[in-house]
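Taken in order, these protein sequences are the chains called A and B.
Just so we're aligned: the first sequence equals residues 1 to 289 in our numbering.
Just so we're aligned: the second sequence equals residues 1 to 289 in our numbering.
In short, the hints are calculated from the structure, not lab data.
Just so it is clear, the structure is predicted and the values come from calculations on it, not from any experiment.
Mixed in with the good hints, there may be bad ones.
[Claimed, not checked] Among the chain A residues that face chain B by a calculated CB cut under 7 Å, a handful are: (1) Thr56; (2) Pro116; (3) Glu117; (4) Arg120; (5) Pro194.
Virtual Cβ for every residue (Gly too), placed ideally from N, Cα, C.
Protein chains: 2
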Amino acid sequence: MSAVVDPRLSINQATIKYADLATALRVTAEAGVQGIGLWREPVNEVGLDVATRMLTDSGLRFTTHCRGGFFTLPDGLERRAALDDNRRAIEETATLAAAGAEGSTAVLVLVAGGLPEGSRDLIGARERVRDAIGELSADAAAAGVTLAIEPLHPMFGSDRCVVSTLGQALDIAADFDPAVVGAAVDTFHIWWDPQVLDQIARAGREGRIATYQVCDWKTPLPADVLLSRHYPGDGVIDFASLTQAVVATGYDRDIEVEIFNADIWAQDPAEVVRRTAESFTATVSPHLV
Amino acid sequence: MSAVVDPRLSINQATIKYADLATALRVTAEAGVQGIGLWREPVNEVGLDVATRMLTDSGLRFTTHCRGGFFTLPDGLERRAALDDNRRAIEETATLAAAGAEGSTAVLVLVAGGLPEGSRDLIGARERVRDAIGELSADAAAAGVTLAIEPLHPMFGSDRCVVSTLGQALDIAADFDPAVVGAAVDTFHIWWDPQVLDQIARAGREGRIATYQVCDWKTPLPADVLLSRHYPGDGVIDFASLTQAVVATGYDRDIEVEIFNADIWAQDPAEVVRRTAESFTATVSPHLV
């Protein structure tokens with residue numbers, strides 16, 4: 001007997017990191033979950049054509065593609081290569097969204113990248129993020145893909161992502177069409193922000209909520225802080241106020257659970273999906289009214 | 001032969017955590033450093049009267065007392081006890097400032113506290129911080145002490161300090177006289193903030209920079225993220241832009257180096273003070289013009 005699964009739940013594939021694409025699609029669908037967010041590596045492992053057919057056969061909605069970005073390098077060959085790789089990611093996103101079930105969304109999540117090795121020029125790095133998105137926006141528009149700038153928690157501000165708040169992501173996005181550039185609203189990264197409720201409302205007004213993702217924050221942080229994400233309800237994040245703020249903007253699409261956690265990754269993916277659905281029903285669903 | 005020591009450098013005692021008060025005062029003065037910020041525990045270990053005499057004898061300026069706060073508990077005995085303890089800290093601060101060399105400052109650094117056990121009510125916790133400061137402000141005013149609200153890095157937002165940005169600290173301080181309630185500007189905690197330069201300028205305009213503290217940020221973070229602070233120059237913080245922003249406000253008082261780092265704590269405190277002075281001269285002094 002399985003509990004009721006929220007129809008708006010989507011499993012981000014990172015939550016079951018060690019499942020290959022076939023397994024991820026199977027355990028997600030078998031659990032009664034209707035949506036999935038995919039990562040580029042497992043998609044490219046089987047090739048885009050095969051991945052596309054597998055996704056269609058799964059009957060799942062496709063909710064996001066993870067991920068593009070890494071935009072902070074100064075001009076040069078490496079930056080060119082990163083931008084070209086993002087163009088491929090845009091194409092993958094469009095292809096997968098077209099292959100997913102009705103209600104799929106063509107959203108590519110972008111992680112801006114950290115300070116280049118040896119650099120302390122945070123302001124310059126942030127400007128290069130804006131420049132890169134400017135370069136990619138025409139490609140995204142042509143492909144019908146929304147680029148979702150994801151602010152990461154400030155503890156990742158130097159080594160992973162120089163975009164640290166939702167407000168900053170919206171400031172960058174403001175130069176572009178909301179259909180082309182939006183923001184990823186992930187509770188783990190923004191729950192602490194004194195401006196978070198205002199910025200969610202602003203994101204809604206400006207039409208920029210490209211995806212809403214949930215997982216929880218708990219201390220002590222593990223040795224690798226990247227893996228400090230938990231099932232909703234296992235930590236201290238107030239999913240009521242955040243989810244209500246997102247709902248109040250009119251956001252009515254799927255909601256991903258994305259958990260990086262070594263203990264969870266070590267478990268049977270089917271069990272993880274079941275547990276994820278259960279935590280979502282208990283913690284997030286009550287606020288989706 | 002010792003290098004030139006910047007006359008505005010102050011050693012925060014936490015940098016040499018395992019030195020008792022006598023040792024901390026001695027190695028600081030012997031290094032040619034002119035100021036010191038003290039912690040309550042080593043002061044209370046010898047008693048306030050003895051500590052006061054020792055400070056006077058050292059010839060050092062007293063720059064801050066660390067620390068008060070822990071204001072997030074709901075009303076009850078524990079909260080009352082915390083507020084009473086803060087009143088003692090205010091008295092200690094005034095006494096020590098009067099005993100330090102000319103140019104000493106009566107600044108009590110406040111760390112707001114984290115979410116109470118089992119609570120997810122971040123907004124409520126933040127309101128209780130404001131309430132507590134309201135309760136203490138008359139005591140601080142009477143004692144001639146400035147309460148310095150210290151925003152801590154958002155990675156401490158749940159377990160140590162619900163005040164996460166300089167802007168938020170200034171919003172709380174705004175209800176009070178700037179001579180009584182200000183903010184601690186610590187590079188480690190705020191370097192990542194997209195609004196940091198604007199908020200430093202605002203803090204200056206509003207007369208709220210109670211203390212400027214420096215240390216560096218570097219990844220990977222150690223297992224205990226509390227101990228992830230480094231000598232200025234050893235990490236990625238741009239001390240030029242931050243220090244210039246502080247100087248531009250007219251801040252002309254002492255600048256503390258406060259480092260929590262297990263490797264540094266394990267070293268000879270005299271050597272740590274020497275190395276701190278050297279890193280300050282190389283990294284911060286050039287911008288103090």
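Hints and how they fare:
1. Residue-level restraint check for threonine 56/A is violated (minimum Cβ-Cβ distance to chain B is 40 Å; threshold 7 Å).
2. The interface hint given for proline 116/A is violated, since its Cβ lies 10 Å from the closest Cβ of chain B, which is over the 7 Å cut-off.
3. Among the interface hints, the one on glutamate 117/A is violated; its C-beta lies about 10 Å from the nearest C-beta in chain B, farther than the 7 Å criterion.
4. The restraint placing arginine 120/A at the interface with chain B holds, with a minimum CB-CB distance near 4 Å, inside the 7 Å limit.
5. Taken as an interface hint, proline 194/A checks out: its beta carbon lies about 4 Å from the nearest beta carbon of chain B, inside 7 Å.
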